[in-house]
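Number of protein chains: 4
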Amino acid sequence: MNFASDNIVGASAPVLHAILEANAGTMAAYGNDEISQCVKARFNEIFEREVSVFFVTTGTAANALALSSAVPPYGLCVCHREAHVIDDECGAPEFFMHGAKLAGLPGVGAKLKADDVDVYLKSLPKAVKQMPPKALSISQVSEGGLVYGLDELAALGAVCREHGLSFHMDGARFVNALVSLGCTPADMTWRRGVDILSFGATKNGGLMAEAIVVFKPALAEALDYRSKRAGQIISKGRLIAAQFEGYFADGHWLDNARHANRMATLLSDGLLQLPGVRLAWPTQANEVFPIIPKTLDQALKAAGILYHPWTDLSLPEAEHVADHEVLIRLVTSWASREEDVRRLLEVASSGISRHAAE
Amino acid sequence: MNFASDNIVGASAPVLHAILEANAGTMAAYGNDEISQCVKARFNEIFEREVSVFFVTTGTAANALALSSAVPPYGLCVCHREAHVIDDECGAPEFFMHGAKLAGLPGVGAKLKADDVDVYLKSLPKAVKQMPPKALSISQVSEGGLVYGLDELAALGAVCREHGLSFHMDGARFVNALVSLGCTPADMTWRRGVDILSFGATKNGGLMAEAIVVFKPALAEALDYRSKRAGQIISKGRLIAAQFEGYFADGHWLDNARHANRMATLLSDGLLQLPGVRLAWPTQANEVFPIIPKTLDQALKAAGILYHPWTDLSLPEAEHVADHEVLIRLVTSWASREEDVRRLLEVASSGISRHAAE
Amino acid sequence: MNFASDNIVGASAPVLHAILEANAGTMAAYGNDEISQCVKARFNEIFEREVSVFFVTTGTAANALALSSAVPPYGLCVCHREAHVIDDECGAPEFFMHGAKLAGLPGVGAKLKADDVDVYLKSLPKAVKQMPPKALSISQVSEGGLVYGLDELAALGAVCREHGLSFHMDGARFVNALVSLGCTPADMTWRRGVDILSFGATKNGGLMAEAIVVFKPALAEALDYRSKRAGQIISKGRLIAAQFEGYFADGHWLDNARHANRMATLLSDGLLQLPGVRLAWPTQANEVFPIIPKTLDQALKAAGILYHPWTDLSLPEAEHVADHEVLIRLVTSWASREEDVRRLLEVASSGISRHAAE
Amino acid sequence: MNFASDNIVGASAPVLHAILEANAGTMAAYGNDEISQCVKARFNEIFEREVSVFFVTTGTAANALALSSAVPPYGLCVCHREAHVIDDECGAPEFFMHGAKLAGLPGVGAKLKADDVDVYLKSLPKAVKQMPPKALSISQVSEGGLVYGLDELAALGAVCREHGLSFHMDGARFVNALVSLGCTPADMTWRRGVDILSFGATKNGGLMAEAIVVFKPALAEALDYRSKRAGQIISKGRLIAAQFEGYFADGHWLDNARHANRMATLLSDGLLQLPGVRLAWPTQANEVFPIIPKTLDQALKAAGILYHPWTDLSLPEAEHVADHEVLIRLVTSWASREEDVRRLLEVASSGISRHAAE
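These protein sequence lines map, in sequence, to chains A, B, C and D. In this text, residue positions in the first sequence follow our numbering: the first is 387, and each later residue adds one. In this text, residue positions in the second sequence follow our numbering: the first is 387, and each later residue adds one. In this text, residue positions in the third sequence follow our numbering: the first is 387, and each later residue adds one. In this text, residue positions in the fourth sequence follow our numbering: the first is 387, and each later residue adds one.
Just so you know, these hints were derived from the structure itself, not from any lab. Don't take each hint at face value.
Since the list gives no way to pick out one identical chain from another, each pair is judged satisfied if it fits inside one copy or across any two copies.
[Said to hold, decoys possible] Dumping the calculated DSBU-like pairs for lysine-lysine here, alpha-carbon to alpha-carbon at most 30 Å: (1) K687 x K512; (2) K499 x K515; (3) K602 x K520; (4) K602 x K680; (5) K515 x K687; (6) K426 x K499; (7) K687 x K499; (8) K508 x K680; (9) K680 x K426; (10) K602 x K499; (11) K512 x K680; (12) K687 x K520.
The whole structure should be built from the sequences, with the hints applied where relevant.
What follows is the structure, given as structure tokens:
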């Protein structure tokens, strides 16, 4: 059983089917085909306004390209200090932004508070030695599995406007947040001040399909050139667009995310029943961050269950992981099977019991 | 009928089938899966030695990453002045190489001569104002549809060694050249001095599948980091590796290229029968570059046949395109149908006749 | 005797004197001092309008920073193919522009014609693979020692406006051109459409003192950050500003350039008296480009006279350098002594005679 | 009275004199002159071995170029989180390193401990998402005015060797540290494992004169190109080299630093006599970091004394600045006058008394 991430499974059936459908016949290359145009129009509907859409193949490319459109080489981009963009992309944003800097701020569960961002921005010296802040990047869902509420997003959007920053959302798990909040894509983005979005589909059923969705037109102006120049304009473009066709059809994308979140809740609730287990912070989407006894950790591993240990850097101030404990991350996906979740809980339960008995 | 390029069709059936096969179950992400490992081993067999392989999704990314491993930011990369890397990638090499420069030399049919490269390199001032040459990049097949012979490759390889350059081959149409020469991949690459190869599969049947194949180990050292940083490490890595599985199985890749080349020969031979039609240079792979009367050009277009006009910059010195003529490019692929080629020839033939009659 | 360049002498006395004057006492660092402010105001007077001024220490830095403000990383900058920016700066513009590309066009005497630029710009494909042109850079004086006339500048300015390019002037020998034309700085720059200027002082008497002068305010917005980031904001800023104080005082800068140009004219006229000597193109500022017999070349060298051979790439079409000839460049400066010029002419004259006698 | 920094004064008399001496006559440009060669040989003597030397005009350029030779674009450079390179250079290192990242660690008085660096390096994941560490950069004197002892340097050098990092020293105040330790330049650098040094002269008497001194030959290989490309190769190169001539002659550089340090000690000792004044950390070179009552701060400012407030981020753990206090930085230089220091102490003393009396 693999709870290591939501990218350890393949593509979902509707996505594959759409690829097969789109594969026949000849069409213009490099995204100048009808399917690409059609899918872009679909994004307008989904976001209830005209948006600019750029397809890429990885979340890292989506984030780095998005930030490069908002931050000049001498600029600063504020993010959480555990953000994917600062921690997990081997410096892709710095590469695409040509040496611009990411400034990582702290925050519980890898979420940023608007006030903290505001205080930080106000603390920066007004001097030429200080790279000027040009963008804020947040992850919705956060790297701690938390979901920004609509008010929190609005507050961050207001800080961005006040300080003249562009507001970027890394939506690698966009739909997991969306169904968690039960709001519309528009409500969770541009209506709260988001200017540019990395819209992830790969983790939620795509084969390799991510989109940059731009709400502030100025940020879209050069993205085609930047994307081409980054080797991100796929020659058989219809085969990336088609993935979104299958993804959006019949609410498939929403169903996938709802399933993943439900599996996480099931997992989270089950774990909380066990003595000695607590959550680092609440389960709000498709990731669970329990602090568990090391003995349980061993039992889970012995049962062949795959997952990652996690950093305790973003625990609430009073909280800490004891020597006999470990903080882990369990991720569910559209493809997670309820029986696997229940099996994990059984393993955990008997692991705890056995240890208590010893 | 579309002869605009070889990327206007989808993926071939064996490639799609391999994706579907690989899609089931869970596997480690980011290329740490068994399929990726297996396919990399397959590359060793194909090239008859140990090679390093890096999967990417576009030819532009393959070229730009490959060059970035060979050319430092202050270096120079020599190529043909019509090379894809200098002309068609919106500066991707310059982006990935951090501002290194491409120097474009002339040559008939977009091929470089070893002597010309040698003379150019010797002409460069030995001064700090001169960016030092660090790599040679050629396209096999060339942008003019010509194939470098094994001796020509060896001569270029020798020039590279003499001047301390790395030797890069843009193999967007690698297999078309391979079957044209009837040699082995090893013979066409490292045995002639090639250090690093962009091994294209997309144009010849892949969905989005390109590989960087490295023969000079030093060039492979940091490519994983550079690729990650460029957003080119696909999370569901097995689904790019799988494409190569399908591609290599049962000689599928060779069959595809042989078919494409045969279609081009058919087309080329047919066109040469027509009065007023001549070739800019010979047809050697899957592209035909005829110089045709403008009246014929109009007839072809009127029949809905798609293709691109082409530059006459690399014609042989004595040759030129007259006012009433146009140089065009016709590209065939693994999916070109013989009936479409014959239909084009018919249209052309009757176009010529009609015009003669008028 | 050294005619190799105009940077082989030290600083002029008024410049040195101004440094010594400014050296005493304490002042704010990094250009926040009164002298810097004062000199910047002086630039406003000189250019008859408000300009933004940024001090740097080399012409390469001035050019590269100026271009980086006008050309985004995915953009194209048009220049002459022998321009200093493309040929003599080890890729500084590409570094500062983060991989943007320089496109070098031909032109007699290293000058560009407005029509040629226009034709080139119109020939560029409107496609994402094509880096969009964003700036034109010319050298006034050109690398061939020619001076653009006011009409020629206006025509180039018009082409820039039509195509939406910023217009950069590399004024390493700005004042030599200025006194050659006998016009005002305003007439030779913004009144003809120039948007940003590398204003050189080092070659004409400075110690290390160059300024970027910006006429189009948008280009000045981030130059302070870019300059700091390039290590070009001098900590003891007053000591670079002071050089301009001494330079501008009492018409010293104009006198220096007039002297240099006069020496070049003297040299040029004298050489033209000699049999077998002709000019590659006219002498218009402080550089002379004679085509001389190789025997004369040997005689000059034997007399210990220093200068550089020059490329014949920008000769007029009908012209060429014969096997027994060589094209050389002789540069005069504010410090050239008339006696040295006359001595060179004597050496040349007797060299020619001796050879004729042999 | 200005204690804001050591760059608020001009150049020292011997430095100016050397410039005037070197100014006469013609010499080869771009550092190919005898003075430059001579001064480079002098560096060999000073460092008791062959070193490579590159002259630049700012400390920012020296640091950024040095780091660019040690850290590839995908690499990581470890430094203190208050290091000049990370905090005060508007991202120059990131620009010159093409997007490589600086990782800032904590440490009292802006000094790094070898153990902390070691622990940090060991904590980095061995994964492609993690930029690999390639260099350590320290400031000697630290940004907190502290001097690394020889053992501390050796320990850091050992950590670098163990982890395969290049070891960079930002020596903007190199000589202040040198005379504080009373050791030789060799002892304080390569004998302790330092690979590359930013050797500052500007703050200690130069006009604009910094040098990069390279001990690990591989790091010097491309620095000429990088420097040219950064616009840092001065055309009248002898006039930057000459500054070092004057600087090194007759122990002038050492005298200057000794004076500056002595003035700081005088200042520091005097301040410590005052009630309510303590040092954030010891005074070891030419900077004093007292924590003073806000009332004293006001008195000093009222007397027209210039200096900067300072961050309390690097105070020892137990220490803190109270609400009624402020942490300030006072910098002395080769040009500081003892009478000014005594006058400051008098103002401070009477400020304290007056406040006590109120």
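Next on the checklist: When Cα atoms must be at most 30 Å apart, do K602 and K520 count as within-copy, between-copy, both, or neither?
Outcome noted: both (14 Å within a copy, 22 Å between copies)
Next on the checklist: Regarding K680 and K426, is the shortest C-alpha distance of 30 Å or less found within a copy, between copies, in both, or in neither?
Outcome noted: neither (48 Å within a copy, 37 Å between copies)
Checklist entry - At most 30 Å between C-alpha atoms: does K687 with K499 qualify within a copy, between copies, both, or neither? => result neither (35 Å within a copy, 37 Å between copies)
Checklist entry - With identical chains treated as interchangeable, where does the CA-CA distance between K602 and K680 reach 30 Å or less: within a copy, between copies, both, or neither? => result neither (48 Å within a copy, 45 Å between copies)
Checklist entry - When no copy is specified for K687 and K512, does a C-alpha distance of 30 Å or less occur within a copy, between copies, both, or neither? => result between (52 Å within a copy, 21 Å between copies)
Checklist entry - For the identical chains here, do K687 and K520 meet the 30 Å Cα criterion within one copy, between copies, both, or neither? => result Neither. Shortest intra-copy (44 Å) and inter-copy (34 Å) distances fail the 30 Å Cα cut-off.
Checklist entry - From the Cα coordinates, with 30 Å as the cut-off, is the pair K508 and K680 best called within, between, both, or neither? => result between (43 Å within a copy, 22 Å between copies)
Next on the checklist: When Cα atoms must be at most 30 Å apart, do K602 and K499 count as within-copy, between-copy, both, or neither?
Outcome noted: Result: close within a single copy only, 23 Å intra versus 39 Å inter.
Checklist entry - When no copy is specified for K512 and K680, does a C-alpha distance of 30 Å or less occur within a copy, between copies, both, or neither? => result Between copies only: 23 Å across chains, 49 Å inside a chain, cut-off 30 Å.
Item to check | Alpha-carbon proximity context of K515 and K687, limit 30 Å | outcome: Answer is between; shortest inter-copy Cα gap is 24 Å, intra-copy 50 Å.
Checklist entry - Is it within, between, both, or neither for K499 and K515, if the alpha carbons may be no more than 30 Å apart? => result Cα proximity of K499 and K515: in one copy and across copies (26 Å, 26 Å).
Checklist entry - Is it within, between, both, or neither for K426 and K499, if the alpha carbons may be no more than 30 Å apart? => result Close neither inside one copy (33 Å) nor across copies (43 Å); limit 30 Å.
Hints 4, 6, 7, 9 and 12 from the list above are not met by this structure, while the remaining hints are.
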